[in-house]
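Student: So the sequence lines, in the order shown, correspond to chains A and B. FYI, in the UniProt record's numbering the residues of the first sequence are 1 to 355. FYI, in the UniProt record's numbering the residues of the second sequence are 1 to 320.
You may find that some hints are simply not true.
Sample of chain B residues at the chain A side, in silico, Cβ under 10 Å [stated by the list, open to error]:
(1) ASN2
(2) THR76
(3) TRP77
(4) PRO104
(5) VAL166
(6) VAL170
(7) ALA178
(8) ARG198
(9) VAL272
(10) THR306
(11) ASP310
(12) ALA311
Since the hints were derived computationally from the structure, they do not count as laboratory data. From the three backbone atoms N, C-alpha and C, an ideal C-beta is built for every residue, glycine too.
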Amino acid sequence: MRDVAVVGFAQRQMPDFDGSPTCVEMLVPLMTECYEQTGWTRHDVGFWCSGSSDYLAGRAFSFVQAVDTIGVDPPVNESHVEMDLAWAMYEAWIKIQTGEVDTALVYAFGKSSAGVLRRTLALQLDPYTMMPLWPDTVSLAGLQARAGLDAGLWDERAMAEVVNRSLTDAEANDYALRKGGSSVDELLARPMYADPLRKHDCAPVTDGAAAIVLAAGDRAFGVRDKPAWITGISHFTDSASMSTRDLTRAPSAANAAAQLDLDGVEVAELHAPFSHQELILSRELGLADDVRINPSGGPLSGNPMFSAGGIRIGETARRIWSGEIDKGVAHATSGAALQQNLLCVLESSTGKGGA
Amino acid sequence: MNRTLSAPVTVAFDYTRSTGPVVGRFLTGLRDGVLVAGRTSAGEVVVPPLEYDPVTHVQTTDFVEVSPVGTVTSWTWVPEPVAGQPFDRPFAFALVTLDGATRPLFHAVDVASPDEISTGMRVQVRWAAERVGHINDIACFEPLGDESTARPAGGGILEDDLVTGVVTTVSLDYVYAASPEESTFYRGLHEGRLLGQRCPTCDKVYVPPRSACPTDGTPTEGEIELTGEGTITTFCIVNVPFLGQKIAPPYVSAYVLLDGADIALLHLILGVPADEVRMGTRVKAVWKPSEEWTYSLENIDHFAPTGDPDADYDTYKNHL
Numbered sequence: 001m002r003d004v005a006v007v008g009f010a011q012r013q014m015p016d017f018d019g020s021p022t023c024v025e026m027l028v029p030l031m032t033e034c035y036e037q038t039g040w041t042r043h044d045v046g047f048w049c050s051g052s053s054d055y056l057a058g059r060a061f062s063f064v065q066a067v068d069t070i071g072v073d074p075p076v077n078e079s080h081v082e083m084d085l086a087w088a089m090y091e092a093w094i095k096i097q098t099g100e101v102d103t104a105l106v107y108a109f110g111k112s113s114a115g116v117l118r119r120t121l122a123l124q125l126d127p128y129t130m131m132p133l134w135p136d137t138v139s140l141a142g143l144q145a146r147a148g149l150d151a152g153l154w155d156e157r158a159m160a161e162v163v164n165r166s167l168t169d170a171e172a173n174d175y176a177l178r179k180g181g182s183s184v185d186e187l188l189a190r191p192m193y194a195d196p197l198r199k200h201d202c203a204p205v206t207d208g209a210a211a212i213v214l215a216a217g218d219r220a221f222g223v224r225d226k227p228a229w230i231t232g233i234s235h236f237t238d239s240a241s242m243s244t245r246d247l248t249r250a251p252s253a254a255n256a257a258a259q260l261d262l263d264g265v266e267v268a269e270l271h272a273p274f275s276h277q278e279l280i281l282s283r284e285l286g287l288a289d290d291v292r293i294n295p296s297g298g299p300l301s302g303n304p305m306f307s308a309g310g311i312r313i314g315e316t317a318r319r320i321w322s323g324e325i326d327k328g329v330a331h332a333t334s335g336a337a338l339q340q341n342l343l344c345v346l347e348s349s350t351g352k353g354g355a
Numbered sequence: 001m002n003r004t005l006s007a008p009v010t011v012a013f014d015y016t017r018s019t020g021p022v023v024g025r026f027l028t029g030l031r032d033g034v035l036v037a038g039r040t041s042a043g044e045v046v047v048p049p050l051e052y053d054p055v056t057h058v059q060t061t062d063f064v065e066v067s068p069v070g071t072v073t074s075w076t077w078v079p080e081p082v083a084g085q086p087f088d089r090p091f092a093f094a095l096v097t098l099d100g101a102t103r104p105l106f107h108a109v110d111v112a113s114p115d116e117i118s119t120g121m122r123v124q125v126r127w128a129a130e131r132v133g134h135i136n137d138i139a140c141f142e143p144l145g146d147e148s149t150a151r152p153a154g155g156g157i158l159e160d161d162l163v164t165g166v167v168t169t170v171s172l173d174y175v176y177a178a179s180p181e182e183s184t185f186y187r188g189l190h191e192g193r194l195l196g197q198r199c200p201t202c203d204k205v206y207v208p209p210r211s212a213c214p215t216d217g218t219p220t221e222g223e224i225e226l227t228g229e230g231t232i233t234t235f236c237i238v239n240v241p242f243l244g245q246k247i248a249p250p251y252v253s254a255y256v257l258l259d260g261a262d263i264a265l266l267h268l269i270l271g272v273p274a275d276e277v278r279m280g281t282r283v284k285a286v287w288k289p290s291e292e293w294t295y296s297l298e299n300i301d302h303f304a305p306t307g308d309p310d311a312d313y314d315t316y317k318n319h320l
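For reference, chain B alone in the conformation it holds in the complex:
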């Protein structure tokens, strides 16, 4: 058995960015089948254009159209592509200096083996079937065996419909491991037990246990089983709907200070009207049927009032 529990996690977000006039003009060009370069104060023709001149720091305003045909100036083989790259089979990434430009553009080249690409090789843009104003409007470069087979260049952009924004989806996959102390906690939940640990320096009992007590920097120790009964120290009534919400508002989220613990646990309170929940309300864990138990705090469906009298303020005043 590993000392830790782990599970796959995907973190994904659509980044929506405004482009500004320079990058926007370049992306407009891609949408319209044109490669827009920028001229620098040193006379370099750079594609994608730089937003600001590297010497004068003035915003680039001198744009020039360059050819979709160019020459490979460096390349590397990609034997094991990662998700999101232009191909899901081996391919080449390359720096391509387009005819009319003096500095190279980074993109993919569609070749089947490293034997089919070399520095100095002539290539041309293969446009994506649908173009929206994004770097992926260039599907890739492809070898240009015969210059006469070069596809004609674009010929201008739609000036009155410039690209001003771009959306890029980022999705990252992880294997997320719980710490050994957290793993103890989740293994306990899988057996219907609530397990905490004590900080040997300050004697506080943490549920879940931690690899280091935040007060002292000391790892928590031992195994302290808690009953699942506790006191609401503070709470909030959720009235606002949000994306991914699992319960219809209004409902109560509360800090439950389990008897014997020093750190409260955040959980759901049911079995009582939202407006009758109080600081000091005594509650107990309501577990799901054991056949539904996983390695999750969701094994506890919610906490419900025990019906006992409210706890004295003094019993939880140091835990607020």
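Here chain A stands alone, though its shape is the one from the complex:
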């Protein structure tokens, strides 16, 4: 395997982007930031991959319009996934592993506020027996939260603790939409919304975009003194059937974790758009008590569709570049109620010695 590192990261998060759903205007300055961080021009990028969905944009071929931001003369090596930035990065990582390219820039964007996000996401469900009922994202999360509450696997207080810690940590995050911790008791005193969920249990609808730069071997040292090496990456999928899944579990997250070495992880950035989902993931990953979860404030402080998973990778990488940590794990989810899960382990060393 080639040593590949995260060497660049830029993001935007906002409640209501005053711009087109193709987000070209938001992506242009992100590209500029990536070039500034790396000292590269667009001609130094060997491979490009983006993540987005036309269902979110409300127009066909929105990702083609977004390609404008990278400039395509001379022609570029480019791809797209209708998934989160983390999966776009996964494709780029594989591309670098093939040896065809040494560098990649991946980006993702979504203007969630253009439509009714929780409704639009019903289109990812079984089109015969689920989607016609328009099961919204919040309702599916509510069923999952209730299942765990009824089973005694977590309680409302544990959910509120996740929220309070996230909103407190989010105070240090300039990009966070929702921030400001209070207390668990104060949170529990707030009214129910989608019983058993309070509004703060649900990630805010967020517009945004993000970009990640990958480089192999010496190209990474050309950018950073301490590149964030990808020492493991793995993703698994659970059944799309809500009937057969045990909603209190995320076996795909556990399967992904089993492929990786999570020993010594100091930080876990978990893409849990609902408070109880962090509790599920923490358990499936077998995280020790001293692992710091979502020091960025996590998705409960801001959850831009198609980039929030990748932002977890960027936030973890940032802490390695700065020397704050030596090892972290970033998680991204996709699908309904944690159906698909990707884990990416980032380290200050390649683990092979010499680096």
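For this one, chain A is given, so just place chain B on it according to the hints.
Tutor: Chain B in isolation, oriented as in the chain A frame:
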């Protein structure tokens, strides 16, 4: 003033899907008032039946009828229903394990407040008034206070009339915003002006302007007003009628390279027989009366020949 213009857009489509034998059998059951479950290799009784066994991956063929009465195994309150959900007032979504099944079914429960539903509550199917072989044939579940009030179960499906297809209407509402650069263009049209911008890297003039020049990735800049005169670089004669067509065929759609622009604009050509339109024909914008102007390229009704001699090929050969 917002920096962008926006307008509501609805994207709608009727998805027509074949069902295959397993989902088709389940939907046939709904049409006939019967709940069809499938038995898995692990002995689970699953409704809706799974098309393929999760362990052996063999197609499900072992079907069993289960009761329209069941028990709520999880539920959530829906305080602000979205369009298309079973109710337009607050209700509950629930997982209901039907008697005879081992795994739950997802559907709505008709209760007026979250106080009226709980895990473990007994519910029964309320069938839709008309049933066609669709998941909405179950209108919802309703609380079953007294087991003796349970409506009797169906009793078999019409084997010689299986449901093979299903139509699901999808309609999504958006507020669609133009980019700041596009907004400049549309605001110009509202004033009867054609505005472009230049890419600072390659000097090309774009009409409409763009948030990024596709060649260079650079946002276009400035404000360049164009006269509305230009040259047809290429065209097509539309002879085929289609849904939503506004003009009777034959008519000409053409790329018009406005004088001073580097990217052609697609528009309608009138005022000349279709078979007399040529590459190089000089044309000018024919605007609608100003009282009809909106923020739209339709403010230009069409382009018509100026009567000038055709443009030299060399003047547009790099714009084809």
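Student: Are the hints correct? Go through all of them and say.
Tutor: Right, here's what the structure says about each hint:
no. : hint   : verdict
1   : ASN2   : holds (6 Å)
2   : THR76  : holds (3 Å)
3   : TRP77  : holds (4 Å)
4   : PRO104 : holds (6 Å)
5   : VAL166 : holds (6 Å)
6   : VAL170 : holds (7 Å)
7   : ALA178 : holds (6 Å)
8   : ARG198 : violated (15 Å)
9   : VAL272 : violated (32 Å)
10  : THR306 : violated (33 Å)
11  : ASP310 : violated (30 Å)
12  : ALA311 : violated (26 Å)
In summary, the structure is inconsistent with hints 8, 9, 10, 11, 12 from the numbered list given earlier, while agreeing with the others.
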